[in-house]
Amino acid sequence: MSSFATPTSPQRHAPRLTPTDSFSVYNSLHDEITRIQHSLTDLHTLVATAAHLIDDVFAPSPRSTYTYARGIGEGTRRRSVSLAAVLSAILAHAGECGGEGGTRYVAAAIGACSGGEHRQDAVPAVDALAALGETWLVHLLFVFKAGGRYACHLDSDDECTTPGHSHLSRTEGKGTPNTSFKKDVMIRDGYACVLTGQADISHPAPRSKRPLLELEAARVRNLTRLSEAALANLRDGVDSASNGMLLEYNAQRAFDAFAWCLHKTETPNVYAVKVYDEGRIEDTFSGKLVAFRDNSGDPDSSDASPRILHRPIALPNPSYIAVHAAIAGILHQSAAGTFFDALLDTCGGRAVRTWDELEALMLHDAVRDSVSDMMDVTGVGLE
Numbered sequence: 001m002s003s004f005a006t007p008t009s010p011q012r013h014a015p016r017l018t019p020t021d022s023f024s025v026y027n028s029l030h031d032e033i034t035r036i037q038h039s040l041t042d043l044h045t046l047v048a049t050a051a052h053l054i055d056d057v058f059a060p061s062p063r064s065t066y067t068y069a070r071g072i073g074e075g076t077r078r079r080s081v082s083l084a085a086v087l088s089a090i091l092a093h094a095g096e097c098g099g100e101g102g103t104r105y106v107a108a109a110i111g112a113c114s115g116g117e118h119r120q121d122a123v124p125a126v127d128a129l130a131a132l133g134e135t136w137l138v139h140l141l142f143v144f145k146a147g148g149r150y151a152c153h154l155d156s157d158d159e160c161t162t163p164g165h166s167h168l169s170r171t172e173g174k175g176t177p178n179t180s181f182k183k184d185v186m187i188r189d190g191y192a193c194v195l196t197g198q199a200d201i202s203h204p205a206p207r208s209k210r211p212l213l214e215l216e217a218a219r220v221r222n223l224t225r226l227s228e229a230a231l232a233n234l235r236d237g238v239d240s241a242s243n244g245m246l247l248e249y250n251a252q253r254a255f256d257a258f259a260w261c262l263h264k265t266e267t268p269n270v271y272a273v274k275v276y277d278e279g280r281i282e283d284t285f286s287g288k289l290v291a292f293r294d295n296s297g298d299p300d301s302s303d304a305s306p307r308i309l310h311r312p313i314a315l316p317n318p319s320y321i322a323v324h325a326a327i328a329g330i331l332h333q334s335a336a337g338t339f340f341d342a343l344l345d346t347c348g349g350r351a352v353r354t355w356d357e358l359e360a361l362m363l364h365d366a367v368r369d370s371v372s373d374m375m376d377v378t379g380v381g382l383e
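Going by this note's numbering, the sequence shown opens with residue 1, and the numbers climb by one from there.
Careful, some of the hints might be misleading.
PhoX-like, lysine-lysine: derived pairs with alpha carbons at most 25 angstroms apart [to be verified]:
#1 LYS288 <-> LYS264
#2 LYS274 <-> LYS264
#3 LYS274 <-> LYS288
DEER-style ranges, computed between Cβ atoms [what the hints assert, rightly or not]:
#4 ASP345 <-> HIS38: 41 to 47 angstroms
#5 GLY287 <-> ASP356: 38 to 44 angstroms
#6 THR41 <-> ARG280: 39 to 45 angstroms
#7 VAL57 <-> THR34: 21 to 27 angstroms
#8 ASP356 <-> THR41: 21 to 27 angstroms
#9 LEU212 <-> ALA360: 39 to 45 angstroms
#10 PRO124 <-> LYS183: 40 to 46 angstroms
#11 THR284 <-> HIS38: 26 to 32 angstroms
#12 GLU214 <-> ASN27: 43 to 49 angstroms
By construction, these hints were calculated from the structure, which means they are not laboratory data. Treat the numbers as computed from the prediction; the structure is a model and nothing was measured. The C-beta atom is built at its ideal place from N, Cα and C for all residues, glycine as well.
Just need the whole structure built from these sequences, with the hints factored in.
In C-alpha cells form, the structure reads like this:
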C-alpha cells in the first residue's frame, strides 16, 4: 500500500506493497491464471481450492487485514477491512454477473496465488493473495463505490449519476446536451418510480392521490469512474434507455450507494428487490418484484405531443443490473462498503474517483494538519 497503509500486528512479515506493486504482482500471475482457467479441472474443485486458500492459508495471516491510516503521529485514525472477506465475497458473487466463466476466473486467480511455490522467485502465497485482494479492493470495488458520490459533483443541474451527453459536450466544448435519455426512461417506465410507484410531476394523467414528485432517470451502469477520453468512446451507451430506470430521489441515491439492488428472477425483465442498508431504504421493499415493460404505447404514459411514429424503448439491460447487484453483494458481504464510506466521509464533501485521488487528498490534509499543529505549538502565526 502507500505510506498510509500499515500492518495491524507487530508480527514480522514482508512490508505491504503499494497499489502499483500489488497490481504488478497481479499481472505477474496472468499466465498461471490462464493455465488454471483453461485447465480440465472442474469448477467445483477450483472453487473448493480457492476457498481453502482464503480460509486456511490467508485469513489467519495478519496480511489478510488491510488497514488505512489517515493523519500523522498521534492524530492518526485507522480503518480496516478483511482482504480474506473481500476475496470470499468476490468468489461468491462472481457468477451473478459473469456466470460460470466469471466464477471460474476468480477461482483461478485465487488458485494462481499458490502456484510456483517451488521457484525461488515466486511470490509467497500469502503475499500474492494480499496483492490480489488489494488490487480488487482498490482498483475495482473502490471505483464503483466512489462513482456515485463523484457524479453528484459534476453539475448540480444534472442527475447525480453517470455523466451523459450534456456533461461530455461541456467538457469537450462542442455539441448539444442530449435530452432524450430522461424523456425516454420517463415514458417507458410510465412516469412512475419503479420502486415506490410514486408518479412524476409531469405525468399526463396521474391516477394516484399521492403527492407528485420530480423523479430521476437513474443510470444503472455508473461510468463516472472513467476518464473523459474513455467516456467519450462510450457516449452512445451512457445515455441509452437500456442503462436507466425511473426512481424517486432517495431511492436513486440509495441505488447509487449500493444500499439496494435488483436480483433477476426466472421471469425475463422481472427482478426482486434486495435491501442491504435499511438506513438508506426501507426494508419493506425487500422482496418486492419490479417488472419492467415499455409503456410508450400507453396513451396515458405518452408525451403531450403525439409521436409521428411509435418506436419501442429498450428495457434495462439485464447485464448492467446484474453487475450492480454483484457489486452491492460484495460490498455488503465483505464490509468493504462500510470501510469505503468511512474513508469517503472524511473527504469533507470533496469528490474523488480513484484510490490515487483519495490518497493525494488524504496526504494533503495530513500535511496541512501537521503544519497547523506545529504552528499552534510554536506560536507561529498567533498575534
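Against the structure, the hints:
1. LYS288 <-> LYS264: 12 angstroms, holds
2. LYS274 <-> LYS264: Status holds; Cα separation ~10 angstroms.
3. LYS274 <-> LYS288: Cα-Cα ~8 angstroms, so holds.
4. ASP345 <-> HIS38: 41 to 47 angstroms: Holds: the Cβ-Cβ distance is about 43 angstroms, inside 41 to 47 angstroms.
5. GLY287 <-> ASP356: 38 to 44 angstroms: 40 angstroms, holds
6. THR41 <-> ARG280: 39 to 45 angstroms: About 41 angstroms separates the Cβ atoms of THR41 and ARG280, which means 39 to 45 angstroms holds.
7. VAL57 <-> THR34: 21 to 27 angstroms: 22 angstroms, holds
8. ASP356 <-> THR41: 21 to 27 angstroms: 37 angstroms, violated
9. LEU212 <-> ALA360: 39 to 45 angstroms: 44 angstroms, holds
10. PRO124 <-> LYS183: 40 to 46 angstroms: Taking Cβ atoms as reference, PRO124 and LYS183 lie about 56 angstroms apart, which means the hint is violated.
11. THR284 <-> HIS38: 26 to 32 angstroms: Between THR284 and HIS38, where Cβ atoms are some 46 angstroms apart, the hint is violated.
12. GLU214 <-> ASN27: 43 to 49 angstroms: 47 angstroms, holds
Of the numbered hints listed earlier, those contradicted by the structure are 8, 10, 11.
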